[in-house]
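Its first residue numbered 1, the sequence shown is counted upward by one per residue in this note's numbering.
These are computed hints drawn from the structure, not numbers from a lab. Take the hints with a grain of salt, since some may be wrong.
[To be verified] Label pairs and their in silico Cβ distance ranges:
| hint | residue 1 | residue 2 | range |
| --- | --- | --- | --- |
| 1 | Glu111 | Pro43 | 29 to 37 Å |
| 2 | Val44 | Asn7 | 29 to 37 Å |
| 3 | Asn83 | Glu62 | 12 to 20 Å |
| 4 | Glu71 | Val27 | 30 to 38 Å |
| 5 | Ser14 | Glu111 | 36 to 44 Å |
| 6 | Pro5 | Asp49 | 29 to 37 Å |
| 7 | Glu71 | Asn11 | 33 to 41 Å |
| 8 | Pro5 | Asp69 | 33 to 41 Å |
[What the hints assert, rightly or not] Okay, derived cross-link-like pairs now, SDA-like style, lysine to any residue, Cα gap no bigger than 20 Å in a straight line:
| hint | residue 1 | residue 2 |
| --- | --- | --- |
| 9 | Lys77 | Phe67 |
| 10 | Lys77 | Glu33 |
| 11 | Lys77 | Glu54 |
| 12 | Lys77 | Glu19 |
Predicted model, so just to flag it, every value in this text is computed and none were measured. Even for Gly, the Cβ is constructed at its ideal location relative to N, Cα and C.
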Amino acid sequence: MTSQPENLFDNVPSQMPQELFQNLLTVASCRIERIVSFGHCRPVDFWYDQSESEWVLVLQGEAVLQFRDDETSLRLKAGDFVNIPAHRLHRVEWTQPDVATIWLAVFYRDERTE
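Could you build all of it, start to finish, from the sequences and the hints given here?
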């Protein structure tokens, strides 16, 4: 049985009222997700507090991440990636408004730190 390939750049809406989150693969200790943003960001008082670690790569576009424990912001462009340990509070501060920012996020549990 042959699987048909899929493409991360296909089926990207031109406008969206909110970010698009799509699970691509889920297995026991790992989840891979495509995220599409068009100028989307989180309010200044919103912080992700995830029970899983997240390795995230910007495939297209640009974004700015902010971490609660760090006063500087982290600007990401296509090809840039960062690992965010579980429970490190963070938020998306900015994404490009005129180009789709496409992220590939890998969520995982690190048994060494649990």
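Against the structure, test the hints numbered earlier, and report the numbers of the ones violated in rising order. none
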